[in-house]
Each structure stands twice: as C-alpha cells, then as structure tokens.
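Those protein sequence lines, which keep their order, are chains A and B. All residue numbers for the first sequence refer to our numbering, where the first residue is 800 and numbers rise by one. All residue numbers for the second sequence refer to our numbering, where the first residue is 192 and numbers rise by one.
In short, the hints are calculated from the structure, not lab data. One thing to keep in mind: the hints can contain errors.
[To be verified] Beyond 12 Å from chain B on every Cβ pair, some chain A residues (computed): (1) I811; (2) G827; (3) Q843; (4) E874; (5) D884; (6) V912.
[Claimed, not checked] The calculated lysine-lysine pairs, modelled on DSS-like cross-linking and capped at a C-alpha distance of 30 Å, are: (7) B:K260 <-> B:K294; (8) A:K856 <-> B:K294; (9) A:K812 <-> A:K856; (10) B:K260 <-> B:K243; (11) B:K294 <-> B:K194; (12) B:K260 <-> B:K194; (13) A:K856 <-> B:K194; (14) A:K812 <-> B:K243; (15) A:K812 <-> B:K294.
Idealized CB from N, CA, C, for every residue including glycine.
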Amino acid sequence: KAGVTQTPRYLIKTRGQQVTLSCSPISGHRSVSWYQQTPGQGLQFLFEYFSETQRNKGNFPGRFSGRQFSNSRSEMNVSTLELGDSALYLCVSSWGGMNTEAFFGQGTRLTVV
Amino acid sequence: DAKTTQPPSMDCAEGRAANLPCNHSTISGNEYVYWYRQIHSQGPQYIIHGLKNNETNEMASLIITEDRKSSTLILPHATLRDTAVYYCIVRVRFGNTPLVFGKGTRLSVIA
C-alpha cells in the first residue's frame, strides 16, 4: 500500500511570507501528526489531528497551524516566516493515534531566506 | 524532555552485531520502549517496541533488563545501510501521547 506522501519535497520562501505544506496519510489512517526537525533542536512535535480535530499540540507559536480534512489529508501552515523556521517538516500517519504504529513521511525541506 | 539517555555515537564493523544501549531509569510500569531510526534525509522508521519481555522481528532484537531501567537494541549483522541515527523512546502504549525524541545515537557501520 502507498506510504505517507508529503508535498512539496523542497520549498524556498522569503522571510515574512507564509507557506502551506500538505500530507496524505496511509489509507485508513485517521491520525496525522506533524514534527519539525532542525539540527539544533532535533525532532519536535507540532500538533496532531484525529478525525479533523486537533488532539494534541506542541509548544510552538500561533504562526504554526494545521487542519485535517474529512479524507484525513492534512495541511500545516506557517505564517510570517522567520529564518529559524528553516527545517525539515515531517508528517506522521497512524490509524488510531501516535500510540499505535506511526509511519513517517519523507518530509518537506523548507528553506527561508 | 526525552526520558532516555543514549550515547551520541557508535561505530560498528560491517557484518558484526551492533548493540545500541539506552537508559530509561524513570520508566513507569505502563510505559513501553520504542526504537526508531532515521537514515540521512529520510523520515524516522519504526524498528521495534517492547514492555518487559525480549522482542525480535525481522529488523532487530530488543533486550530489556529485568528492572526495565535499560535496554539494548541489537542489529545482528549490521550492513552499511544500517548507518543512521537510532532513537530510543519510552511512552505509554495506549492514549494520545506524541513521540518525544531525544538526540539518539548516530551509528556508523564501517566496511
């Protein structure tokens, strides 16, 4: 079966712009989580969506937001981009939540210039 | 914060067993030990998990001490493709808690 699909794979944006990243989970999975990975901070949890509702949220500013659609696809948005937002953004798919087997996508590499 | 302690790096000769240790001295009775790995520029990949018994699958074996305060992930015959960062994570099996990653161990398999 198809894995977790993230688009785009690479993105370059200018400081102050906003960006939307997309994630299609594995078919049948209802939970989508997002992580940010940077060399300095490592992997950090952003938020989790389950059946279109945000169920968990990490410690990130309100510029980071997300949503989930009825088909379980998810998007995350970052507004007013800062240089420090440059990172690999990873989407995680699981059927019942992160305590069930979690499958990571390949990530979107965002560079803010 | 991560509840685990791992060495920052390890080397292993190709074809030999790679033994990656993890300390989790504050683990609770309902918390499992999970292992993930991340090959360069890819998303983390699930390897194995366990509660208190030793576990084995096609990728690796997990040995958990009797007091559950530490564990070892064993890759029985390491290959160059096993070069990656390995993360040991403790978390409850049921509920809605996110995976909390520490810095992991960077394993280098050397030819």
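Hints versus structure:
1. I811: It holds; A:I811 is separated from chain B by about 17 Å at its closest Cβ, greater than 12 Å.
2. G827: Consistent with the label, A:G827 stays out of reach of chain B, its closest Cβ about 17 Å off (over 12 Å).
3. Q843: For A:Q843, whose nearest Cβ neighbour in chain B is about 8 Å away, the distance does not exceed 12 Å, so it is violated.
4. E874: holds, 18 Å
5. D884: holds, 19 Å
6. V912: With a cut-off of 12 Å, A:V912 remains clear of chain B, as the shortest Cβ separation is near 20 Å.
7. B:K260 <-> B:K294: holds, 19 Å
8. A:K856 <-> B:K294: The given pair, whose Cα atoms are some 21 Å apart, holds under the 30 Å limit.
9. A:K812 <-> A:K856: holds, 25 Å
10. B:K260 <-> B:K243: holds, 10 Å
11. B:K294 <-> B:K194: holds, 11 Å
12. B:K260 <-> B:K194: holds, 11 Å
13. A:K856 <-> B:K194: Given pair A:K856, B:K194 holds - Cα atoms ~19 Å apart, limit 30 Å.
14. A:K812 <-> B:K243: It is violated: about 47 Å lies between the C-alpha atoms, which goes past 30 Å.
15. A:K812 <-> B:K294: holds, 28 Å
Taken one by one, the earlier hints fail for this structure at numbers 3 and 14, listed in ascending order.
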